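Novice: Now for the letters of each chain:
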Amino acid sequence: MNGSGEGAHGVGRWLREAAITGGIAFLLFAPITGVTLSGYTLEGHWQRPLWLAVWVAVGRFLWSWFRARPRPSPALSRLSGAFSLWLDDHRTHLILILLLGAMILPWFIGKYWLNVAILAWIYVLLALGLNIVVGLAGLLDLGFVAFYAVGAYGYALGHQYLGLSFWAALPFGALLAACFGVMLGFPVLRMHGDYLAIVTLGFGEIIRLVINNWMSFTGGPNGVRAPFPSLFGIDFGRRAAPGHVTFHEYFNLPYSNEYRDIFFYFLLLIVVSGMVFLVRRLRRMPLGRNWEALREDEIACRALGIQPVTVKLSAFGLGAMTGGLGGVFFAASQGFVNPTSFTFMESAHILAIVILGGMGSTGGVIAAAVLLTVLPEALRDFAEYRGLLFGCAMVLMMVWRPKGLMGMRRARFRRSGVA
Amino acid sequence: MSFHIFVQQVVNGLVLGSVYGLIAVGYTMVYGIIGMINFAHGDVYMIAAYLTAIFLAALTLLGVQSPPVIILLVLLLTIAVTALYGWSVERIAYRPLRHSTRLAPLISAIGMSLILQNYVRLSQGGRTQGTPTFLDGSVRLFEQGPDQFVQITHAQILIVVMAVLGMGVLWYLMQATAMGRACRAVQQDRIMASLLGVDGDRVISLVFVLGASMAAVAGTLVTFNYGSFDFFIGFVTGIKAFTAAVLGGIGSLPGAMLGGLVLGLSESIFSGLVNTDYKDVFAFSLLVLVLIFRPSGLLGRPEVEKV
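Chains as they are written, first to last, in our numbering: chain U, 398 to 816; chain A, 1119 to 1425.
Chain U on its own, in the form it takes in the complex (with noise of 0.2 Å):
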């Protein structure tokens, strides 16, 4: 659109241009911003309406000046090169590195943060289960809290109804969730991608509308209680129930509660941990490489003999399954659940993870889960604008770098050091 290199008059077009932008900013932000309803009346805000046109304006004629700079030299991108190259020689001392990193992370943070790191690695799961279906296989899921609410309630219910422990619970829910997954997969998967967007989302929304209404079964709104898991046998509690004993009592320490975190936060990092290796594996076997074909190319796919429903079911059923089993871990952490943890915002925020790490990278979405969690319980003020924030993150990242801030790598050939 702009010429490069015009001098007083491209500055003078860059001008106009934001001029106009700004006008109609103000035009839509007037009535929203400008004034507030309170009661039947209005409270008028006039400069905020102003303030943020005269942004707008400002972005506009930097965005112009901006794209009309020369391209960057090629030196960056060599740059870039190199160090994705040094990457993957160091790739798996970076892994152990991070790995030792993650392991002796709880002993130095305090139980607060404790806690945020477990409800960090809870998003991993669920982000990881969640690129398997959008980064890897391309199929948009808007109702993958639904699967996450099977495996929660999974584990909450079947502990009221028929006594089963959190180990039962985590194949039970987990078998589940992916039972789920397949009964919807199965006839919406032969679909058009762009429904199984809308299906999904309005599976979403009736898991979470029945859950809420069937009182007599699922308690409603009041919600369910989740005990927390024990290890053999040991409980964590500070007294033991009949014919139990507690971790303490057993290796003869002083009370404390942080044991329990502490040992729900490994028994989290080795599901991830194995999460991690089992998608790494299934990216290089044929299903993982029909997923990524089917994504790029459903037709071509076909005449090569690749059945398009039962790969995506695959797809589908190991997402489901893993956002299944992120619900157990949920539902055991916070001790209790109930249907406000399962709106359509938690299956926006599970999306914003894999878009800003970019779709089917494990690396980058891990990155952004652990960011994307623990930077809102760091910025108190910045909670409030979060759901703002993952919206323009997702315009955006669609614009300017589909691929995510990482991007995804495959695997390719090098010449060796001999030839």
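Hint data in this document are derived by calculation from the structure and do not stem from the laboratory. A quick note: this is a predicted structure, and the numbers were derived from the prediction, not measured. Check each hint, because a few of them may be wrong.
[What the hints assert, rightly or not] If the Cβ cut is set under 8 Å, some of the chain U residues that face chain A in the computed set are:
| no. | residue |
| --- | --- |
| 1 | 561 |
| 2 | 565 |
| 3 | 598 |
| 4 | 787 |
In this text, a Cβ means the ideal position worked out from N, Cα and C, and glycines have one as well.
Based on these hints, arrange chain A on the given structure of chain U.
Specialist: Frame of chain U, contents of chain A only:
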């Protein structure tokens, strides 16, 4: 269910269906022309509800008293600003992605929906808002006793009349003007239309403006009728209107209206027969079932994928 309750539910269903139909138009036109689900459309409707309340309060403060003048002014102002919102959404979130992957515009649309919801929540507060209802007359039919009647409020009559009028204007625009011809041409074949001198980007912008205007009509009328709303109403109403669009056959204008009426009626009768707690579950299940068994809808044509 007695006769009176049944007829009352049918009346309510027709009113609800007209609203769904008006919003469904926005989904169906956008899907027909660029093949994407505009998730932010429900939130554009929500913004229209807020704008209505704000303009209504502003006009009352300015001392405008006559109901017809208020209705007309609020409607026109709301349509103007909401159309601008529809245009901006397309310009910011969808136009840069015209040649991107299939998934990108969908994700961008979800992002836009979150932005609009939180933007309204942050500037207007999260609580449920209300407007005074000033159209409170009603007509009673089949009156046979103290509790034996069917009541139709003036606001409900206004909704149905305006929905029919709005659809009529839209139908005229699409069928009888050069602008509508350009829209239909781009819908059939965007590349061919551009070779024949139709500016595709302008037509797409126009479709977003028209869709947002219809959502604005719906938002204004619903606010006049119910008088209460919050920043989250666009979500559920949006999914239901999309259900209506799919039910009628996505891409078809009469289909959107028909789908809206069918959905509104069945939802309303379901509420009367079974219970109201599960009426959203019913609507969403209908969406899933329609997509599974008849994805081309009542009036749509099956989609053929070409290489």
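Novice: Holds or violated: is there a CB of chain A closer than 8 Å to the CB of residue 787 (chain U)?
Specialist: 6 Å, holds
Novice: Verify the interface restraint on residue 598 (chain U): the C-beta must sit less than 8 Å from at least one C-beta of chain A.
Specialist: 6 Å, holds
Novice: Holds or violated: is there a CB of chain A closer than 8 Å to the CB of residue 561 (chain U)?
Specialist: 27 Å, violated
Novice: Once the shortest beta carbon distance from residue 565 (chain U) to chain A is found, is it less than 8 Å?
Specialist: 30 Å, violated
Violation of the numbered hints given earlier is confined to hints 1 and 2; the remaining hints are satisfied by the structure.
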